[in-house]
Amino acid sequence: MLHDTYASWADTSSRRSLINVDPSTLKPNAVVAQDGSGGFNTIMEAVNTAPKRSAEPFIILIKAGIYKEYVTIPRGIENVVFLGEGPTKTKITGNKNFVDGTATFHSATVAVNGDGFMAKGIGFENTAGPEKHQAVALRVSADMSIFHDCMMEGYQDTLYTHSYRQFYRQCTISGTIDFIFGNAAAVFQDCKVIVRKPLSYQSAMITAQGRKDQHSVGGLVFDGCTITADPEFMDENPMPKSFLGRPWKEFSRTVVMQSFIDKNIDPEGWGPWVGTFAQDTCYYAEFNNKGPGADPSQRVKWKGARQISQQEAAAFAPGTFIQGDTWIKTSNVPYDAGLMKA
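Number 342 marks the last residue of the sequence shown (the UniProt record's numbering); no jumps.
Derived from the structure by calculation, the hints contain no laboratory data. One should not assume that every hint holds.
For lysine to any residue, the following SDA-like pairs were computed, each having C-alpha atoms within a straight-line distance of at most 25 Å [as the list claims (entries may be wrong)]:
#: 1; residue 1: 303; residue 2: 268
#: 2; residue 1: 249; residue 2: 105
#: 3; residue 1: 341; residue 2: 310
#: 4; residue 1: 263; residue 2: 230
#: 5; residue 1: 68; residue 2: 39
#: 6; residue 1: 52; residue 2: 70
#: 7; residue 1: 329; residue 2: 170
#: 8; residue 1: 303; residue 2: 275
#: 9; residue 1: 303; residue 2: 250
#: 10; residue 1: 192; residue 2: 295
#: 11; residue 1: 303; residue 2: 280
#: 12; residue 1: 96; residue 2: 86
#: 13; residue 1: 263; residue 2: 228
#: 14; residue 1: 96; residue 2: 133
#: 15; residue 1: 290; residue 2: 312
#: 16; residue 1: 212; residue 2: 317
Pairwise CB distance ranges (calculated) [said to hold, decoys possible]:
#: 17; residue 1: 309; residue 2: 101; range: 46 to 52 Å
#: 18; residue 1: 105; residue 2: 202; range: 20 to 26 Å
#: 19; residue 1: 274; residue 2: 45; range: 40 to 46 Å
#: 20; residue 1: 325; residue 2: 86; range: 26 to 32 Å
#: 21; residue 1: 236; residue 2: 55; range: 49 to 55 Å
#: 22; residue 1: 329; residue 2: 301; range: 35 to 41 Å
#: 23; residue 1: 48; residue 2: 202; range: 37 to 43 Å
#: 24; residue 1: 301; residue 2: 237; range: 24 to 30 Å
#: 25; residue 1: 52; residue 2: 307; range: 44 to 50 Å
#: 26; residue 1: 131; residue 2: 106; range: 15 to 21 Å
#: 27; residue 1: 39; residue 2: 88; range: 22 to 28 Å
Heads up, the beta-carbon is just placed ideally off N, CA and C, and yes, glycines get one too.
Based on the sequences and whatever the hints tell you, model everything.
Structure (C-alpha coordinates):
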(Lines of atoms letter the chains of each structure in order from A and count residues from 1; the text may use other names and numbers.)
(Lines give C-alpha, C1' and ligand atoms only; values in the text may rest on other atoms or scores of the structure.)
Protein backbone atom coordinates (compact mmCIF):
# COMPACT_ATOMS: atom_id res chain seq x y z
CA MET A 1 0.00 0.00 0.00
CA LEU A 2 2.71 2.43 0.98
CA HIS A 3 5.59 3.41 -1.25
CA ASP A 4 8.97 4.73 -0.14
CA THR A 5 8.31 8.07 -1.82
CA TYR A 6 9.57 10.10 1.11
CA ALA A 7 13.16 8.87 1.13
CA SER A 8 14.40 11.68 -1.13
CA TRP A 9 12.52 14.46 0.63
CA ALA A 10 14.69 14.96 3.68
CA ASP A 11 17.63 13.60 5.61
CA THR A 12 16.04 12.67 8.91
CA SER A 13 19.42 11.99 10.50
CA SER A 14 19.80 15.72 11.07
CA ARG A 15 16.35 16.10 12.57
CA ARG A 16 16.39 18.44 15.53
CA SER A 17 15.44 17.35 19.00
CA LEU A 18 13.37 19.96 20.76
CA ILE A 19 12.92 19.57 24.48
CA ASN A 20 9.54 20.41 25.96
CA VAL A 21 10.52 23.20 28.31
CA ASP A 22 8.87 26.12 30.05
CA PRO A 23 9.07 29.14 27.70
CA SER A 24 10.27 31.25 30.63
CA THR A 25 13.43 29.13 30.89
CA LEU A 26 14.01 28.79 27.15
CA LYS A 27 16.77 30.60 25.32
CA PRO A 28 15.14 31.23 21.94
CA ASN A 29 16.94 32.49 18.86
CA ALA A 30 14.38 35.27 18.47
CA VAL A 31 11.61 36.80 20.58
CA VAL A 32 8.54 38.48 19.11
CA ALA A 33 6.44 40.77 21.30
CA GLN A 34 3.95 43.47 20.38
CA ASP A 35 4.85 45.53 23.43
CA GLY A 36 8.45 45.96 22.36
CA SER A 37 9.89 43.63 25.00
CA GLY A 38 11.30 41.26 22.39
CA GLY A 39 13.79 41.79 19.63
CA PHE A 40 11.04 41.88 17.00
CA ASN A 41 7.55 43.36 16.75
CA THR A 42 6.36 41.06 13.96
CA ILE A 43 6.73 37.35 13.37
CA MET A 44 7.88 37.78 9.79
CA GLU A 45 10.78 39.99 10.89
CA ALA A 46 11.99 37.15 13.10
CA VAL A 47 11.52 34.52 10.38
CA ASN A 48 13.65 36.62 8.03
CA THR A 49 16.65 36.19 10.35
CA ALA A 50 16.55 32.37 10.26
CA PRO A 51 19.50 30.74 8.47
CA LYS A 52 19.03 28.66 5.34
CA ARG A 53 19.15 24.86 5.49
CA SER A 54 20.19 24.71 9.12
CA ALA A 55 20.09 21.34 10.88
CA GLU A 56 19.65 23.09 14.21
CA PRO A 57 16.28 24.34 15.46
CA PHE A 58 15.69 28.07 15.10
CA ILE A 59 13.33 28.81 17.96
CA ILE A 60 11.08 31.86 17.74
CA LEU A 61 9.27 32.64 20.99
CA ILE A 62 6.07 34.51 20.14
CA LYS A 63 4.64 36.24 23.18
CA ALA A 64 0.91 36.59 23.79
CA GLY A 65 -0.93 38.84 21.37
CA ILE A 66 -3.09 38.98 18.26
CA TYR A 67 -0.70 39.19 15.33
CA LYS A 68 -2.45 40.56 12.25
CA GLU A 69 0.06 39.56 9.62
CA TYR A 70 0.73 37.03 6.89
CA VAL A 71 3.62 34.71 7.62
CA THR A 72 5.54 32.49 5.21
CA ILE A 73 8.28 30.03 6.08
CA PRO A 74 10.21 29.88 2.79
CA ARG A 75 11.46 26.64 1.31
CA GLY A 76 15.03 26.14 2.45
CA ILE A 77 14.41 27.79 5.82
CA GLU A 78 14.32 24.55 7.80
CA ASN A 79 13.73 23.48 11.40
CA VAL A 80 11.98 26.67 12.43
CA VAL A 81 10.05 26.38 15.70
CA PHE A 82 7.18 28.69 16.67
CA LEU A 83 6.68 28.59 20.41
CA GLY A 84 3.63 30.50 21.65
CA GLU A 85 2.11 31.11 25.06
CA GLY A 86 -1.05 29.13 24.26
CA PRO A 87 -3.31 28.89 21.20
CA THR A 88 -5.86 31.37 22.57
CA LYS A 89 -3.15 33.79 23.74
CA THR A 90 -0.71 33.79 20.83
CA LYS A 91 -2.77 34.06 17.67
CA ILE A 92 -1.86 34.83 14.05
CA THR A 93 -4.85 36.12 12.11
CA GLY A 94 -5.76 37.17 8.58
CA ASN A 95 -8.76 37.33 6.25
CA LYS A 96 -7.60 36.71 2.68
CA ASN A 97 -10.18 34.76 0.69
CA PHE A 98 -11.35 33.56 -2.69
CA VAL A 99 -14.33 35.89 -3.07
CA ASP A 100 -12.18 38.98 -2.61
CA GLY A 101 -9.75 37.78 -5.26
CA THR A 102 -7.10 35.61 -3.58
CA ALA A 103 -6.62 32.05 -4.83
CA THR A 104 -7.06 29.34 -2.20
CA PHE A 105 -3.36 28.40 -2.16
CA HIS A 106 -2.33 32.01 -1.50
CA SER A 107 -5.06 32.84 1.03
CA ALA A 108 -3.29 31.24 4.00
CA THR A 109 -2.61 33.40 7.03
CA VAL A 110 0.45 31.22 7.66
CA ALA A 111 2.15 29.22 4.90
CA VAL A 112 4.82 26.67 5.80
CA ASN A 113 7.19 25.63 3.00
CA GLY A 114 10.38 24.90 4.96
CA ASP A 115 10.90 21.31 6.13
CA GLY A 116 11.12 20.40 9.80
CA PHE A 117 8.76 23.13 10.98
CA MET A 118 7.22 22.85 14.42
CA ALA A 119 4.60 24.93 16.23
CA LYS A 120 3.47 24.67 19.82
CA GLY A 121 0.91 26.82 21.61
CA ILE A 122 -0.09 28.88 18.55
CA GLY A 123 -3.48 29.87 17.13
CA PHE A 124 -3.82 30.15 13.33
CA GLU A 125 -6.92 32.00 12.12
CA ASN A 126 -8.73 33.18 9.02
CA THR A 127 -11.68 35.42 9.89
CA ALA A 128 -13.07 35.87 6.35
CA GLY A 129 -16.34 34.11 7.22
CA PRO A 130 -18.42 31.46 5.43
CA GLU A 131 -19.76 33.83 2.77
CA LYS A 132 -16.20 34.42 1.51
CA HIS A 133 -15.79 30.75 0.53
CA GLN A 134 -12.21 29.41 0.44
CA ALA A 135 -10.12 31.11 3.13
CA VAL A 136 -7.14 29.21 4.55
CA ALA A 137 -5.81 29.76 8.07
CA LEU A 138 -2.79 27.45 7.73
CA ARG A 139 -1.20 25.82 4.69
CA VAL A 140 1.52 23.24 5.22
CA SER A 141 3.68 22.28 2.21
CA ALA A 142 6.68 21.04 4.20
CA ASP A 143 7.97 17.62 5.13
CA MET A 144 8.27 16.51 8.77
CA SER A 145 5.98 19.23 10.14
CA ILE A 146 4.68 18.99 13.70
CA PHE A 147 1.86 20.90 15.41
CA HIS A 148 1.25 20.44 19.13
CA ASP A 149 -1.37 22.23 21.21
CA CYS A 150 -2.36 24.53 18.35
CA MET A 151 -5.68 25.86 17.05
CA MET A 152 -6.66 26.28 13.41
CA GLU A 153 -9.81 28.41 13.16
CA GLY A 154 -11.71 29.33 10.02
CA TYR A 155 -14.71 28.42 7.92
CA GLN A 156 -14.18 26.94 4.44
CA ASP A 157 -10.72 25.39 3.84
CA THR A 158 -9.28 26.18 7.27
CA LEU A 159 -6.34 23.75 7.24
CA TYR A 160 -4.65 23.01 3.93
CA THR A 161 -2.56 19.87 4.48
CA HIS A 162 -1.02 20.46 1.10
CA SER A 163 1.85 17.96 0.84
CA TYR A 164 4.49 15.80 2.51
CA ARG A 165 4.42 14.28 6.02
CA GLN A 166 2.62 16.08 8.84
CA PHE A 167 1.76 15.28 12.47
CA TYR A 168 -0.86 16.99 14.66
CA ARG A 169 -1.23 16.27 18.37
CA GLN A 170 -3.75 17.79 20.79
CA CYS A 171 -4.80 20.41 18.26
CA THR A 172 -8.24 21.92 17.64
CA ILE A 173 -9.41 22.47 14.05
CA SER A 174 -12.69 24.22 13.26
CA GLY A 175 -14.57 25.14 10.10
CA THR A 176 -17.58 24.58 7.86
CA ILE A 177 -16.70 23.06 4.47
CA ASP A 178 -13.67 20.98 3.44
CA PHE A 179 -11.88 22.48 6.40
CA ILE A 180 -9.19 19.82 6.52
CA PHE A 181 -8.07 19.20 2.94
CA GLY A 182 -5.10 18.57 0.66
CA ASN A 183 -2.89 15.62 -0.25
CA ALA A 184 -0.35 15.43 2.54
CA ALA A 185 0.19 12.26 4.53
CA ALA A 186 -1.15 13.73 7.77
CA VAL A 187 -1.89 12.03 11.08
CA PHE A 188 -4.01 13.63 13.81
CA GLN A 189 -3.77 12.14 17.31
CA ASP A 190 -5.92 13.25 20.24
CA CYS A 191 -7.22 16.25 18.30
CA LYS A 192 -10.59 17.99 18.45
CA VAL A 193 -12.44 18.65 15.20
CA ILE A 194 -15.26 21.19 15.53
CA VAL A 195 -17.89 21.81 12.86
CA ARG A 196 -19.12 25.40 12.73
CA LYS A 197 -22.48 26.57 11.43
CA PRO A 198 -22.39 26.85 7.62
CA LEU A 199 -24.55 29.08 5.43
CA SER A 200 -28.21 28.10 5.30
CA TYR A 201 -27.93 26.29 1.96
CA GLN A 202 -24.75 24.38 2.84
CA SER A 203 -23.95 21.01 4.37
CA ALA A 204 -20.81 20.90 6.48
CA MET A 205 -17.94 18.72 5.26
CA ILE A 206 -14.95 18.10 7.49
CA THR A 207 -12.44 16.63 5.05
CA ALA A 208 -11.72 16.82 1.33
CA GLN A 209 -8.65 14.68 0.78
CA GLY A 210 -6.97 15.23 -2.57
CA ARG A 211 -5.23 12.01 -3.64
CA LYS A 212 -5.22 11.81 -7.47
CA ASP A 213 -3.10 8.65 -7.86
CA GLN A 214 -3.86 5.31 -6.19
CA HIS A 215 -0.12 4.81 -5.61
CA SER A 216 0.28 8.15 -3.85
CA VAL A 217 1.13 8.09 -0.14
CA GLY A 218 -1.29 10.91 0.75
CA GLY A 219 -4.09 10.51 3.24
CA LEU A 220 -5.76 12.00 6.30
CA VAL A 221 -5.72 9.84 9.44
CA PHE A 222 -7.57 10.63 12.68
CA ASP A 223 -6.82 8.46 15.72
CA GLY A 224 -8.23 9.04 19.18
CA CYS A 225 -9.89 12.28 18.12
CA THR A 226 -13.17 13.97 19.07
CA ILE A 227 -15.40 15.02 16.18
CA THR A 228 -18.17 17.37 17.25
CA ALA A 229 -19.78 20.76 16.52
CA ASP A 230 -19.96 24.11 18.21
CA PRO A 231 -23.06 24.99 20.30
CA GLU A 232 -24.52 27.27 17.63
CA PHE A 233 -24.52 24.33 15.22
CA MET A 234 -25.91 21.87 17.75
CA ASP A 235 -28.73 24.22 18.79
CA GLU A 236 -30.12 24.61 15.26
CA ASN A 237 -33.50 22.96 14.72
CA PRO A 238 -33.32 21.12 12.46
CA MET A 239 -29.58 20.66 12.82
CA PRO A 240 -27.68 21.20 9.53
CA LYS A 241 -26.18 18.11 7.97
CA SER A 242 -22.48 17.45 8.45
CA PHE A 243 -20.26 14.67 7.14
CA LEU A 244 -16.82 13.25 7.86
CA GLY A 245 -15.75 14.18 4.37
CA ARG A 246 -16.25 14.04 0.63
CA PRO A 247 -13.93 12.83 -2.16
CA TRP A 248 -12.23 15.86 -3.69
CA LYS A 249 -10.09 13.71 -6.00
CA GLU A 250 -10.51 10.25 -7.52
CA PHE A 251 -8.49 8.32 -4.93
CA SER A 252 -9.34 10.44 -1.89
CA ARG A 253 -8.20 8.65 1.29
CA THR A 254 -9.38 9.36 4.85
CA VAL A 255 -9.27 7.08 7.89
CA VAL A 256 -11.11 7.74 11.16
CA MET A 257 -10.29 5.32 13.96
CA GLN A 258 -10.82 5.00 17.69
CA SER A 259 -12.50 8.40 17.71
CA PHE A 260 -15.63 9.86 19.29
CA ILE A 261 -18.12 10.94 16.62
CA ASP A 262 -20.86 13.20 17.93
CA LYS A 263 -24.51 13.43 16.89
CA ASN A 264 -23.87 16.22 14.39
CA ILE A 265 -22.39 13.73 11.91
CA ASP A 266 -25.02 12.37 9.54
CA PRO A 267 -25.63 8.60 9.90
CA GLU A 268 -24.38 8.10 6.33
CA GLY A 269 -20.99 9.38 7.45
CA TRP A 270 -19.61 10.44 4.08
CA GLY A 271 -21.02 12.91 1.57
CA PRO A 272 -20.80 13.16 -2.24
CA TRP A 273 -18.62 15.54 -4.21
CA VAL A 274 -20.56 15.73 -7.49
CA GLY A 275 -22.92 12.92 -8.41
CA THR A 276 -21.20 9.58 -7.81
CA PHE A 277 -17.67 10.88 -8.47
CA ALA A 278 -14.96 8.77 -6.75
CA GLN A 279 -17.43 6.77 -4.67
CA ASP A 280 -15.97 3.52 -6.05
CA THR A 281 -12.31 4.61 -6.02
CA CYS A 282 -11.95 6.52 -2.75
CA TYR A 283 -10.68 4.86 0.43
CA TYR A 284 -12.88 5.97 3.34
CA ALA A 285 -12.25 3.74 6.33
CA GLU A 286 -13.36 3.58 9.96
CA PHE A 287 -12.19 1.46 12.84
CA ASN A 288 -13.59 1.13 16.35
CA ASN A 289 -15.25 4.54 16.56
CA LYS A 290 -17.83 5.39 19.20
CA GLY A 291 -20.47 7.99 19.89
CA PRO A 292 -23.93 8.80 18.50
CA GLY A 293 -22.56 9.51 15.02
CA ALA A 294 -20.48 6.34 14.70
CA ASP A 295 -23.04 3.62 13.87
CA PRO A 296 -21.48 1.58 11.03
CA SER A 297 -24.80 0.06 9.98
CA GLN A 298 -26.04 3.41 8.68
CA ARG A 299 -23.02 4.33 6.57
CA VAL A 300 -23.12 4.93 2.81
CA LYS A 301 -22.89 1.77 0.74
CA TRP A 302 -20.16 3.02 -1.56
CA LYS A 303 -17.56 0.57 -2.79
CA GLY A 304 -14.92 2.94 -1.40
CA ALA A 305 -16.36 3.25 2.13
CA ARG A 306 -15.66 0.50 4.65
CA GLN A 307 -15.06 -0.60 8.21
CA ILE A 308 -11.55 -2.03 8.63
CA SER A 309 -9.83 -4.47 10.98
CA GLN A 310 -7.28 -3.60 13.64
CA GLN A 311 -4.55 -5.02 11.43
CA GLU A 312 -5.62 -2.81 8.54
CA ALA A 313 -5.90 0.21 10.84
CA ALA A 314 -2.37 -0.33 12.16
CA ALA A 315 -0.97 0.51 8.71
CA PHE A 316 -2.21 4.06 9.24
CA ALA A 317 -0.54 4.62 12.62
CA PRO A 318 2.15 7.30 12.33
CA GLY A 319 5.09 4.99 12.97
CA THR A 320 4.19 3.18 9.75
CA PHE A 321 2.20 5.65 7.66
CA ILE A 322 4.56 8.63 8.01
CA GLN A 323 7.68 6.90 9.39
CA GLY A 324 7.25 8.90 12.59
CA ASP A 325 9.89 7.13 14.66
CA THR A 326 12.58 8.76 12.53
CA TRP A 327 11.45 12.34 13.13
CA ILE A 328 8.48 12.78 15.49
CA LYS A 329 9.99 10.79 18.35
CA THR A 330 13.02 13.10 18.52
CA SER A 331 10.80 16.16 18.98
CA ASN A 332 9.59 15.00 22.41
CA VAL A 333 6.03 15.89 21.43
CA PRO A 334 3.53 13.32 22.80
CA TYR A 335 3.41 10.60 20.17
CA ASP A 336 2.00 7.10 19.81
CA ALA A 337 3.85 5.23 17.07
CA GLY A 338 1.13 2.59 16.88
CA LEU A 339 -2.60 2.84 17.36
CA MET A 340 -3.54 4.94 20.35
CA LYS A 341 -4.94 3.00 23.28
CA ALA A 342 -8.70 3.08 22.93
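Results of checking the hints against the structure:
1. For the hint linking residue 303 to residue 268, the alpha-carbon distance of about 14 Å falls within 25 Å, and the restraint holds.
2. For the hint pairing residue 249 with residue 105, the CA-to-CA distance comes to about 17 Å; that is within 25 Å, so the pair holds.
3. Taking the CA atoms of residue 341 and residue 310, the gap is near 12 Å; set against the 25 Å cutoff, the hint holds.
4. Taking the CA atoms of residue 263 and residue 230, the gap is near 12 Å; set against the 25 Å cutoff, the hint holds.
5. For the given pair, residue 68 sits about 18 Å from residue 39 by alpha-carbon distance, which is consistent with the 25 Å threshold.
6. Between residue 52 and residue 70 the alpha-carbon distance is near 20 Å, which keeps this suggested pair within the 25 Å criterion.
7. Of the supplied pair hints, the one linking residue 329 and residue 170 holds, its CA atoms being roughly 16 Å apart against a limit of 25 Å.
8. For the hint pairing residue 303 with residue 275, the CA-to-CA distance comes to about 15 Å; that is within 25 Å, so the pair holds.
9. Under the criterion of a C-alpha separation no larger than 25 Å, the hint pairing residue 303 with residue 250 is consistent with the structure, at around 13 Å.
10. Restraint check for residue 192 and residue 295: satisfied, since their Cα atoms lie roughly 20 Å apart, inside the 25 Å limit.
11. With a C-alpha separation of about 5 Å, the suggested pairing of residue 303 with residue 280 holds against the 25 Å cut-off.
12. Proximity of residue 96 to residue 86 is assessed by CA-CA distance (about 24 Å); at most 25 Å being required, the pair is judged to hold.
13. At most 25 Å may separate the alpha-carbon atoms for a hinted pair to count; residue 263 and residue 228 meet this at roughly 7 Å.
14. A hinted pair counts as satisfied when its Cα atoms are at most 25 Å apart, and residue 96 with residue 133 qualifies at roughly 10 Å.
15. Note on residue 290 and residue 312: the hinted pairing holds, with a Cα-Cα distance of about 18 Å set against a maximum of 25 Å.
16. Pair hint residue 212 plus residue 317 holds up; C-alpha atoms about 22 Å apart against a cutoff of 25 Å.
17. Distance hint check: the CB atoms of residue 309 and residue 101 are about 48 Å apart, consistent with the given range 46 to 52 Å.
18. The supplied range of 20 to 26 Å is met by residue 105 and residue 202, whose beta-carbon atoms lie about 22 Å from each other.
19. As the Cβ distance of residue 274 to residue 45 is approximately 44 Å, the hint placing it in 40 to 46 Å holds.
20. A beta carbon spacing of about 29 Å between residue 325 and residue 86 agrees with the range 26 to 32 Å that was offered as a hint.
21. Look at residue 236 against residue 55: about 51 Å separates their beta carbons, and that is inside 49 to 55 Å.
22. Hint check: residue 329 to residue 301, Cβ distance near 40 Å, so the stated range 35 to 41 Å holds.
23. Remark: the range hint 37 to 43 Å for residue 48 to residue 202 is upheld by a beta-carbon distance near 39 Å.
24. Checked against the hint of 24 to 30 Å, the C-beta distance between residue 301 and residue 237 comes to roughly 29 Å, which is consistent with it.
25. Evaluation of the 44 to 50 Å hint for residue 52 and residue 307 yields a pass: the beta carbon distance comes to about 47 Å.
26. At about 19 Å, the CB distance of residue 131 to residue 106 agrees with the hint of 15 to 21 Å.
27. The hinted range of 22 to 28 Å is satisfied by residue 39 and residue 88, whose Cβ atoms lie roughly 24 Å apart.
Consistency note: the structure conflicts with none of the earlier hints.
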